[in-house]
Amino acid sequence: MDLDALLRCVGTTSCVVTQLTSGMIIGMLLFLIASGVTLIFGVLNVINFAHGSLYMIGAYAAWTFYQLTGSYFVSALGAAVAVGVLGVLFERALMSKVYGSNVLMQLLVCYAVVLISDDLIKIIWGPVPLSMGMPPEFRLPPIRFMGGVIPPFYLFMILAAMAIGLLLWLVIVRTRFGSIVRAAAINGPMVSALGIRVNLYYAAVFGIGSALAGAAGALAAPVRSLTPGMGFSILIESFIVTVIGGMGSIVGAFVASIIIGLTRSFGSIGFPLFVDGVMFLIMALVLIFKPSGLFGRAHR
Amino acid sequence: MTSIESGRASRRRVLKGAGAMAAVGLVGAPAISKAQTGAIKIGVPTILSGRVAILGQTSVGGLKDVFDKFNAAGGINGRKIEMVVRDSKGAPQEAAKVTRDLINNDKCEIILDAEASSAAFAVQEVIREVGVLCIHSNSETSSLTADPKLHVPTAFRTARQGIHDAIGGGDYAAKIAKAKGLKKWATCSPDYAYGRSNTAEFMEYAKHFDGNIQVVEESWPKLFQPDYTEVVTKLLNAKADAMYSALWGGDLVAFIDQANLYGLFDKQASFMVNLGDYGVVDQVKQFPQGVYSGGRYNRVVPPTKENEEWYQNYVKTQKHKPTNWSWENAVAAEFIVEALKKTNGDTNGKKMAEAIKGMTLKSQFGTKGSVTMRAEDNTLVDYIIGYGVSLSKEPYVADFQSSAWEPIFELEKQWKKKQGYIS
Numbered sequence: 001m002d003l004d005a006l007l008r009c010v011g012t013t014s015c016v017v018t019q020l021t022s023g024m025i026i027g028m029l030l031f032l033i034a035s036g037v038t039l040i041f042g043v044l045n046v047i048n049f050a051h052g053s054l055y056m057i058g059a060y061a062a063w064t065f066y067q068l069t070g071s072y073f074v075s076a077l078g079a080a081v082a083v084g085v086l087g088v089l090f091e092r093a094l095m096s097k098v099y100g101s102n103v104l105m106q107l108l109v110c111y112a113v114v115l116i117s118d119d120l121i122k123i124i125w126g127p128v129p130l131s132m133g134m135p136p137e138f139r140l141p142p143i144r145f146m147g148g149v150i151p152p153f154y155l156f157m158i159l160a161a162m163a164i165g166l167l168l169w170l171v172i173v174r175t176r177f178g179s180i181v182r183a184a185a186i187n188g189p190m191v192s193a194l195g196i197r198v199n200l201y202y203a204a205v206f207g208i209g210s211a212l213a214g215a216a217g218a219l220a221a222p223v224r225s226l227t228p229g230m231g232f233s234i235l236i237e238s239f240i241v242t243v244i245g246g247m248g249s250i251v252g253a254f255v256a257s258i259i260i261g262l263t264r265s266f267g268s269i270g271f272p273l274f275v276d277g278v279m280f281l282i283m284a285l286v287l288i289f290k291p292s293g294l295f296g297r298a299h300r
Numbered sequence: 001m002t003s004i005e006s007g008r009a010s011r012r013r014v015l016k017g018a019g020a021m022a023a024v025g026l027v028g029a030p031a032i033s034k035a036q037t038g039a040i041k042i043g044v045p046t047i048l049s050g051r052v053a054i055l056g057q058t059s060v061g062g063l064k065d066v067f068d069k070f071n072a073a074g075g076i077n078g079r080k081i082e083m084v085v086r087d088s089k090g091a092p093q094e095a096a097k098v099t100r101d102l103i104n105n106d107k108c109e110i111i112l113d114a115e116a117s118s119a120a121f122a123v124q125e126v127i128r129e130v131g132v133l134c135i136h137s138n139s140e141t142s143s144l145t146a147d148p149k150l151h152v153p154t155a156f157r158t159a160r161q162g163i164h165d166a167i168g169g170g171d172y173a174a175k176i177a178k179a180k181g182l183k184k185w186a187t188c189s190p191d192y193a194y195g196r197s198n199t200a201e202f203m204e205y206a207k208h209f210d211g212n213i214q215v216v217e218e219s220w221p222k223l224f225q226p227d228y229t230e231v232v233t234k235l236l237n238a239k240a241d242a243m244y245s246a247l248w249g250g251d252l253v254a255f256i257d258q259a260n261l262y263g264l265f266d267k268q269a270s271f272m273v274n275l276g277d278y279g280v281v282d283q284v285k286q287f288p289q290g291v292y293s294g295g296r297y298n299r300v301v302p303p304t305k306e307n308e309e310w311y312q313n314y315v316k317t318q319k320h321k322p323t324n325w326s327w328e329n330a331v332a333a334e335f336i337v338e339a340l341k342k343t344n345g346d347t348n349g350k351k352m353a354e355a356i357k358g359m360t361l362k363s364q365f366g367t368k369g370s371v372t373m374r375a376e377d378n379t380l381v382d383y384i385i386g387y388g389v390s391l392s393k394e395p396y397v398a399d400f401q402s403s404a405w406e407p408i409f410e411l412e413k414q415w416k417k418k419q420g421y422i423s
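First to last, the sequence lines map onto chains D and U.
Just so you know, we're using this note's numbering here: the first sequence kicks off at 1 and counts up by one.
Just so you know, we're using this note's numbering here: the second sequence kicks off at 1 and counts up by one.
Errors might be hidden in some of the hints.
[Claimed, not checked] Each computed SDA-like pair below joins lysine to any residue, with the alpha-carbon atoms no more than 25 Å apart:
id	chain 1	residue 1	chain 2	residue 2
1	U	K267	D	A112
2	U	K222	D	F49
3	U	K89	D	P152
4	U	K267	D	V17
5	U	K222	D	I236
6	U	K239	D	L273
7	U	K183	D	L3
8	D	K122	U	K178
9	U	K183	D	D119
10	U	K267	D	I236
11	U	K319	D	Q67
12	U	K285	D	A160
13	U	K183	D	L6
14	D	K122	U	K321
15	D	K122	U	K267
16	U	K239	D	P152
17	U	K239	D	L7
18	U	K319	D	D119
19	U	K183	U	D210
20	U	K184	D	G277
21	D	K122	U	K207
22	U	K222	D	F145
23	U	K239	D	G147
24	U	K222	D	L262
25	U	K207	D	A5
26	U	K316	D	F274
27	U	K239	D	T13
28	U	K222	D	Q67
29	U	K357	U	E125
30	U	K321	D	L130
31	U	K222	D	M279
32	U	K239	D	F145
33	U	K222	D	G277
Calculated from the structure, these hints are not laboratory results.
Since we're looking at a predicted model, the values are computed, not measured.
Could you put the whole structure together from the sequences, leaning on the hints where they help?
Here you go:
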């Protein structure tokens with residue numbers, strides 16, 4: 001514990017700005033992944049334990065598209081779309097078969113997908129870590145703001161994640177597609193009785209959730225080592241976010257991601273050896289005092 | 001003659017392994033000594049998956065050339081060497097299981113432990129039980145061979161040792177610190193045995209050689225941590241004059257990529273013991289210039305014909321560049337081959353250990369053209385240690401300064417006394 005250092009940081013504008021943006025960077029990447037997990041759970045009532053693998057595939061797909069096109073924006077978009085399509089195939093071929101099954105069965109299917117995708121990544125891209133490197137358009141000196149330091153790419157990451165989150169919220173809340181999805185989440189058979197092909201909507205939701213993971217992988221690719229199995233550690237944190245925010249709540253995922261991001265960024269100064277402990281402590285407290293999560297409601 | 005298999009357990013294999021474990025507990029070493037016919041099987045537990053899969057890949061690359069030459073020359077008494085390589089994923093419990101499996105199920109007579117320190121200690125304990133010859137080729141944590149409580153008579157180390165790097169590196173860093181007035185230091189190293197001990201030892205000797213140095217910030221990211229953002233910003237906020245890091249492999253690549261975004265290397269002098277290795281320099285897209293880089297493996301260090309030939313041959317046969325782990329494993333393989341010649345092919349752990357103890361080998365990786373397996377603690381000495389300044393392109397290092405071994409021996413002895421390892 002170094003609470004003096006934390007207090008010194010909180011009393012310094014430059015440190016606060018740097019740590020706040022650092023927390024937002026960590027949080028927004030988590031948000032993209034957790035929002036996919038929470039969306040899929042909220043509508044389909046399944047926990048996609050293979051979501052980290054979709055993030056990993058997104059990062060590798062972005063790396064490949066970048067080698068082919070040289071354009072980071074095309075690569076990021078391509079990765080999100082590719083992983084979205086893969087998600088639809090995954091849902092139709094496997095996950096749809098375990099809807100309504102117990103969690104253990106869903107876990108087994110997802111775990112199999114995790115192992116297979118890790119091995120496929122090894123076969124296709126090799127076991128050695130890959131690095132995309134920073135795209136030339138972002139190779140700029142860091143921005144100075146009130147004495148703090150903000151890398152331009154991280155600013156782009158934060159804004160991109162926020163824009164994607166806002167778009168997702170608008171689609172779910174303001175569009176006919178979103179209305180049907182929300183209705184199907186509450187009572188699928190009734191929506192089906194109205195002549196709507198609910199299965200198509202389920203597949204679309206799974207695809208959107210997967211595309212979010214793919215987009216997160218593409219955003220992470222320039223600054224993280226690409227390795228088989230890279231989705232595992234981020235999956236644990238995204239589950240913590242989902243639980244704190246409330247299973248099925250996109251707003252909850254957003255708020256919880258920021259909480260976790262700031263816990264990690266300020267925690268690394270004040271309690272560096274207990275950051276993970278504090279994250280789990282927050283989750284435990286939420287589970288004790290509001291088991292449905294900060295923004296969740298008791299689920300069917 | 002290399003087979004590479006995943007360490008993942010099938011039910012049948014788990015049952016077989018469990019049965020064999022029980023059996024070895026009952027009959028112990030005799031079961032091993034009976035197996036001295038056919039190929040000499042050498043078990044290699046290593047990391048073949050995840051962020052540091054390059055460790056396993058380039059370790060095997062270093063071994064293969066030596067064993068291939070031995071086999072091409074006919075082996076010994078008609079017996080050739082066969083490597084059995086297994087993935088432990090760097091996890092201690094998996095490494096211990098894989099090692100037992102290699103000995104009991106695959107009938108390996110020698111273990112070449114190409115694990116990182118996170119798992120090498122677990123392998124050491126298995127070797128203590130079964131008594132086969134083991135060479136730790138990658139673990140650099142000093143206590144593995146320096147601490148008499150951990151000593152296993154049949155276990156040796158050809159990996160460079162943290163305390164040696166720390167004394168050599170501390171001396172180098174102190175000279176730079178005095179010349180440039182670098183007083184406030186921060187550290188950033190992985191949070192496990194190697195990272196902790198290596199960093200403590202480096203800073204201890206940097207302070208020993210320059211009393212003005214003080215550590216104002218310490219960061220301990222987890223091994224294989226994906227995101228270093230909070231670590232980088234913490235280092236920035238520390239406003240230190242210099243930083244020391246023992247990060248390595250893919251972790252170091254990710255750290256450099258993320259630190260570059262904040263311009264961290266422009267704000268402070270950086271000393272990175274594991275930077276100067278092809279596995280890192282080839283992966284970092286914006287390689288930082290002017291960082292003080294520890295010597296790991298480089299084709300121009302030493303700038304000899306033998307080293308260049310070894311590099312060229314490695315690249316030709318393995319289709320990738322060698323790393324620090326490649327030379328460490330090549331040396332381990334050389335010791336095994338020489339010991340087999342001395343024992344006339346007898347792989348008995350005690351006999352092989354007697355042969356290797358104190359052995360000096362002609363080697364291009366040695367300061368004087370040779371390396372020695374020091375008898376008193378079964379660890380390698382006289383290999384090339386030093387630091388240079390990083391360059392963003394080939395040869396990636398300039399002004400390499402090799403550390404002298406006499407002062408290292410002297411200070412190492414004092415360090416051992418301080419640790420209570422010797423009286």
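We went through each hint and held it up to the structure:
| no. | hint | in the structure |
| --- | --- | --- |
| 1 | U:K267 - D:A112 | violated (46 Å) |
| 2 | U:K222 - D:F49 | holds (23 Å) |
| 3 | U:K89 - D:P152 | violated (36 Å) |
| 4 | U:K267 - D:V17 | holds (18 Å) |
| 5 | U:K222 - D:I236 | holds (15 Å) |
| 6 | U:K239 - D:L273 | holds (21 Å) |
| 7 | U:K183 - D:L3 | holds (24 Å) |
| 8 | D:K122 - U:K178 | violated (47 Å) |
| 9 | U:K183 - D:D119 | violated (48 Å) |
| 10 | U:K267 - D:I236 | violated (34 Å) |
| 11 | U:K319 - D:Q67 | holds (21 Å) |
| 12 | U:K285 - D:A160 | holds (24 Å) |
| 13 | U:K183 - D:L6 | holds (23 Å) |
| 14 | D:K122 - U:K321 | holds (19 Å) |
| 15 | D:K122 - U:K267 | violated (37 Å) |
| 16 | U:K239 - D:P152 | holds (21 Å) |
| 17 | U:K239 - D:L7 | holds (16 Å) |
| 18 | U:K319 - D:D119 | holds (21 Å) |
| 19 | U:K183 - U:D210 | holds (9 Å) |
| 20 | U:K184 - D:G277 | violated (30 Å) |
| 21 | D:K122 - U:K207 | violated (44 Å) |
| 22 | U:K222 - D:F145 | violated (30 Å) |
| 23 | U:K239 - D:G147 | holds (13 Å) |
| 24 | U:K222 - D:L262 | holds (18 Å) |
| 25 | U:K207 - D:A5 | holds (23 Å) |
| 26 | U:K316 - D:F274 | violated (47 Å) |
| 27 | U:K239 - D:T13 | holds (14 Å) |
| 28 | U:K222 - D:Q67 | violated (30 Å) |
| 29 | U:K357 - U:E125 | holds (20 Å) |
| 30 | U:K321 - D:L130 | holds (15 Å) |
| 31 | U:K222 - D:M279 | holds (15 Å) |
| 32 | U:K239 - D:F145 | holds (17 Å) |
| 33 | U:K222 - D:G277 | holds (14 Å) |
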